[in-house]
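First to last, the protein sequences are chains X and G.
The opening position of the first sequence corresponds to residue 631 in our numbering, with each subsequent residue numbered one higher.
The opening position of the second sequence corresponds to residue 7 in our numbering, with each subsequent residue numbered one higher.
One should not assume that every hint holds.
As the list claims (entries may be wrong) - Below, computed lysine-lysine pairings styled on DSS-like, alpha-carbon distance capped at 30 Å:
1. X:LYS692 <-> G:LYS525
2. G:LYS344 <-> G:LYS171
3. X:LYS697 <-> G:LYS430
4. X:LYS759 <-> G:LYS525
5. X:LYS1038 <-> X:LYS1097
6. G:LYS89 <-> X:LYS692
7. X:LYS694 <-> G:LYS370
8. G:LYS89 <-> G:LYS575
To be clear, the hints were calculated from the coordinates, so they are not data collected in a lab.
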Amino acid sequence: MTDDKRARNEIIKENSRQLRGTLAEGLQDVVTGNIAEDDHQLIKFHGSYIQDDRDVRGERAKKKLEKAFSFMLRLRIPGGLMTAKQWIALDDIASTYANGTLRLTTRETFQYHGVIKSNLKRTMQAINKAALDTIAACGDVNRNVMTAANPHLSKAHRQAYDLGKAISEHLLPKTGAYHEIWLDGEKVEDKSGAAKKDTEPLYGVHYLPRKFKTVIAVPPDNDVDIYAHDLGYIAIIEKGEVVGWNVTIGGGMGMTHGDLTTYPRTADMLGYCTPDQAIKVGECVLTVQRDWGNRENRARARLKYTIEDRGLEAFRAEVERRAGFKLGKPKPFKFSGTGDPLGWRQSLDAKKGEDKNWHLTLFVENGRIKDRPGMTLRKGLRAIAEEGLCEFVATSNQNVILANVTAKAKTKIEAILKAHGITTEVSSRLRANSMACVALPTCGLALAESERYLPGLITRLEDSLDKAGLRDDDIVMRMTGCPNGCARPYLAEIGFVGRNPGLYNLYLGAAFDGSRLSKLYAQDAGEEKIVALLEPIFMAYAKSRKAGERFGDFCVRAGYVKATLAGNQFHADIKLA
Amino acid sequence: MTSIPMLPKNAPFAPEDIDALNKVVAKTTPLQRSWLAGFFAGFEAAQGGAAQPAAAAKPRLPLTILYASESGNCESLALKAKKVAQKHGLDAKVYDMADADLALLAKAKNLVVYAATWGEGDPPSRAIDFYNALMSDAAPRLDGLRFAVLALGDTAYAQFCEVGKKIDARLEALGATRAADRVDCDLDFAKQATAWTDGALGKLAPADTGASSATVVHVDFKGGGYQADDDEPQFSVENPLEAEISALVNLNGTGSTRETWHVELAFQEPGFTYLPGDAIGVMPENDPELVDQLLRAVGLGSDAALLLKVQKGYDVTTLSKAAIENFAKLTGRADAKKLLDGDAYTKFAADRQLVDLFETYSEKMTAEQLLGLLRPLPGRLYSVASSLKAHPGEAHLLVGAVRWDSYGKKRKGVASSYLADRRKMGDMARIYVKPNRHFRLPEDGNKPIIMIGAGTGVAPYRGFIEERVELGAKGKSWLFFGERNFTNDFLYQLDWQDHIAAGALTNIDVAFSRDQPEKIYVQHRLWERRADIQKWVADGAHLYVCGDEKGMAKDVDATLLKILTEAAKGDEDAGRVKLKELTKAGRYQRDVY
Ligand code: SRM
Ligand SMILES: Cc1cc2nc3c(=O)[nH]c(=O)nc-3n(C[C@H](O)[C@H](O)[C@H](O)COP(=O)(O)OP(=O)(O)OC[C@H]3O[C@@H](n4cnc5c(N)ncnc54)[C@H](O)[C@@H]3O)c2cc1C
Ligand SMILES: Cc1cc2nc3c(=O)[nH]c(=O)nc-3n(C[C@H](O)[C@H](O)[C@H](O)COP(=O)(O)O)c2cc1C
Ligand code: SF4
């Protein structure tokens, strides 16, 4: 293997018998909560990560206990749409097998944390019973497909959802490993001839070089952050109907501190396609990345680097060659912002008298659905589900929408929310537009707190906002515990990225509509420094912003940071405060 | 090793003559020995005339010593009694009820019984068959029999010395004559028991023994004239060892509902030895705050010297019937006395401690009066969790903290909180060894062992495996462990992982009751794995059960019976017989508490 330069994961995948590895055996080993090293990589494809509680790492050894291992499970819910029945099932699982919370992610789905090995299989089966799964929610495959929030909002949203669901199914791995290991499905093949009998027409034995993410936007909302993903579709709408799609490729957030060859990147415009071409185009983008992507260095294996290295033109040409048709010129469109409009909202087609139903978008701080004294969010949502008053939609901003609500159900829902202390009020627009990744204690890559820290930081910054009178101004702020960018911080007007416990890099200057990346403004800032740096900028913004000027644009105009016009310029002309 | 009287080194003979005589004596039967005794007695009587055999040297009286013992107290008392019997000219045989039957009783002329009470007024497990037979109609008349019973118990239990009492009454009912009155001993039984034994054997002894007759030459055995049946440990309740606490760790992870302390005790004393399966006794001290409450309740709050005395030496928690009785007598409180009527006691005593009595019926008293009410502070036993071979100069314990809230008070177990709360690393603790001959690894290291334990019941198995590693034993081993949650309550998890990796532990099955909706306990795992268990047993496996009696051992026992019954094609009696065989053969051993 000496001259084999491939990344270790490539060999693991190759030897895994289509993602089986020794997972089944590992589940049988009762003396440890861990699984085999290589299986750590394989289980991702099944929608799960092995983690350990980092809060207690210090004490375990002297208590003669191994690390406090448990599994994170991520569901695959295209477009984030769930029935009330499914919600109830998911809620049950949270308390029966997980840590009692449901965690809405930044990609329209749920995660469970704290599922121990002995419960993993039963949890998978419970999820399956709810007609859901975790297949390909993680791993080097096409991940959960995000579509513009709420399929019920309009005809176009429904069309976006239908495309998203179709793509998710079309690009799903075909291996029988998942059913075999978790659902006691009949063995697809004996150990020997895995690759032969159980084949992956799209993925082969090596799958993709890296994760692959697909989203679908319906302007003017860019809630899915189209520029942050490998593959994106922007709905081109005429008379409320989708007539075709602008296709974007090569977006991504992840980077590594100190490695300038890695950087977040906003997606490029690939071209325009008709509805019936959409799936084929997606498939070809995926297979070209499969064949061209970097399989030696996982830090540069995402599609965004393939585009950087091979060039957009070459990539487009190859896609068109494989698709057998040329892509059209992108059509004009306009995005207004990336946030979720909170509160009640009626279907857009209502005026046309088609669908008069209502939709309530609830702010869920950092996506963590749990009961707190005074606000029993989890119980409340469950009560609503049990009454069957709505469908549920997980958004790309870690929020939840109670969708497709009749006028009659609306009043009932309002009563239940009240009874559980659930309000649509948020203390400030800054908080309403904020996101934080999970980070500690479960995330193995976290360098600093995020989900557990941001709410308190915002409370402090709200004092500064008051001084500037900006409490009701929309400013997008996102935090992550490491540079991987799970809350898309480089597309936030104010971005925090953890470097060390209590210390964050501060990024400014991203566009409110998600079309421009931010730039590093301060390094290793603790809370005091953060407040000291931001308060004067808030003041200045309040005083000297132009009419309608967004905070991110102001930071660039006022010269706090230079504009980042392309991903490969992310590390260029930085002036630290 | 049976006990033949040997001439002590301090006998009035030359050493080589002592050896020579002992060679002969060693082979003698009781009859021959009595004959010799009679012969020389006759010779002496003949005023130095020509030696001639005494016409008929009457044989010494036979004595049957019977014991019912779980943790060995009655057993060692019985073995001590055998030695004492020699002095009284009695020819004693000692029987464990486990190996005795009614025929033996029918034959017996003189009988001494040492009986412990377990469970809630139950006989020790190994004695159950004999006990039931004795209580049944099958029991023979015992008219010619003279007997005496010593009962061991613990006043902390409502059914104090129940088994001893029942046996005593039953023997009388069957027509036997009581030679000495029964005595019911509390945990501090040592002195009382020795005195009773001497007295009772004196009464049973042939009338003409002792000074009045010369048939037996009285010999002072204190010199340790013969091989002891059992090597009494050098360190005992009466004579504990000061050991240093060299490690003190709560093994349960943060967030656990459990609190289980791993305690390492270090000592230089080479005489302090133990074997895996033994228990280590800890002489605790009371929580000074509790003692202070108690003293204040009786108006002795300011007496610091008294506080220290009580803290170190007296039981201030056990709310026994006896305590209430004495309290009522002393104070003349009729209302307190009422607590002894009907189920009033059980109602009041449940979840309460002695201090509640003193506070409820607050009565002033003198220090002397108070001490008169308190029994000595008993030691607490802990199965040793280490092998002395693997950890020379150390003994490890696994101590579950006993805590509960009741009647507005935070309650603590005396010894467990003494170790968990009031001791820290580097402090000393007074300990002793409590051998347990009935919880031992098989002599043959190639025999498979199946170890079943929940919670602290896993402790001795850590010692077992360490011992087997040191001995290079090749036998297979299988651990069944149960607790509440995998993540935080897997006691000694890393040790088990190492032993498995090293091949020292062959199988492990775990049952964590609170990790999933339905409760899973060790007995469920046993049942799941019954096929293999049956194989192992067929291959001569030894079965061990350790831990909580009520919480686990009963259910495990029932499940093992089910498993053996299944192996016997569903014939439950055959299963029961098999389980008994295993017990008798020492292949099914329990250490439950
Ligand atoms: C749950 C979630 C954050 C949240 O607070 O919601 C999340 C959580 C994790 N992400 Fe992420 N990522 C999440 C969205 C993202 C996004 C945002 C997006 O996709 O819109 C990004 C940036 C976009 C991108 O992919 O570039 C993102 C980029 C990463 C990366 C960096 C990938 C890269 O190309 O550099 C990693 C690390 C890796 O893959 O090596 C990562 C890895 C992880 C892991 C699994 C850590 C690990 O690999 O051990 C985190 C699990 C933490 C935990 O305890 O739950 N996550 N992750 C999001 C789940 C989305 C989903 O439902 O699928
Ligand atoms: C042979 C043998 C081996 C043993 N091995 C071990 C071992 O390895 N590890 C171990 O931890 N223990 C072991 N024990 C038990 C141990 O000896 C002690 O009994 C135990 O530690 C409690 O002692 P303590 O002084 O802390 O509690 P105590 O002061 O003796 O209090 C115990 C009493 O408190 C009361 N009580 C306890 N809990 C509650 C409750 N929740 N509600 C109401 N009342 C309650 C009960 O009356 C109980 O009898 C063993 C016992 C024996 C006989
Ligand atoms: C689990 C357990 C239950 C007991 N139950 C009783 C009881 O019901 N009544 C009693 O008088 N003594 C009871 N005792 C005390 C024992 O009888 C006492 O410790 C005795 O000395 C044990 O003698 P042995 O070592 O010969 O078995 C119990 C002891 C334990 C550990
Ligand atoms: S951004 Fe980093 S710390 Fe936060 S969840 Fe993603 S990987 Fe973990």
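Do the alpha carbons of X:LYS692 and G:LYS525 lie within 30 Å of each other, as the hint requires? With a Cα-Cα distance of about 29 Å, the restraint between X:LYS692 and G:LYS525 holds, given a limit of 30 Å.
With a cut-off of 30 Å on the C-alpha distance, tell me whether G:LYS344 and G:LYS171 pass. With a Cα-Cα distance of about 24 Å, the restraint between G:LYS344 and G:LYS171 holds, given a limit of 30 Å.
Satisfaction of hint between G:LYS575 and G:LYS89, Cα-Cα up to 30 Å: Measuring from Cα to Cα gives roughly 48 Å; hence the hint is violated.
Satisfaction of hint between X:LYS1097 and X:LYS1038, Cα-Cα up to 30 Å: Status violated; Cα separation ~42 Å.
Assess, step by step, whether the Cα of G:LYS89 is no farther than 30 Å from the Cα of X:LYS692, and give holds or violated. With Cα atoms ~49 Å apart, G:LYS89 and X:LYS692 exceed 30 Å; violated.
Given pair status - G:LYS430, X:LYS697, alpha carbons within 30 Å: holds, 26 Å
Straight-line alpha-carbon gap X:LYS694 to G:LYS370, limit 30 Å: violated, 50 Å
Decide if the proposed pair is consistent with the structure: X:LYS759 and G:LYS525, CA atoms, cutoff 30 Å inclusive. holds, 22 Å
Figure legend: structure checked against the earlier numbered hints; hints not met, in rising order: 5, 6, 7, 8.
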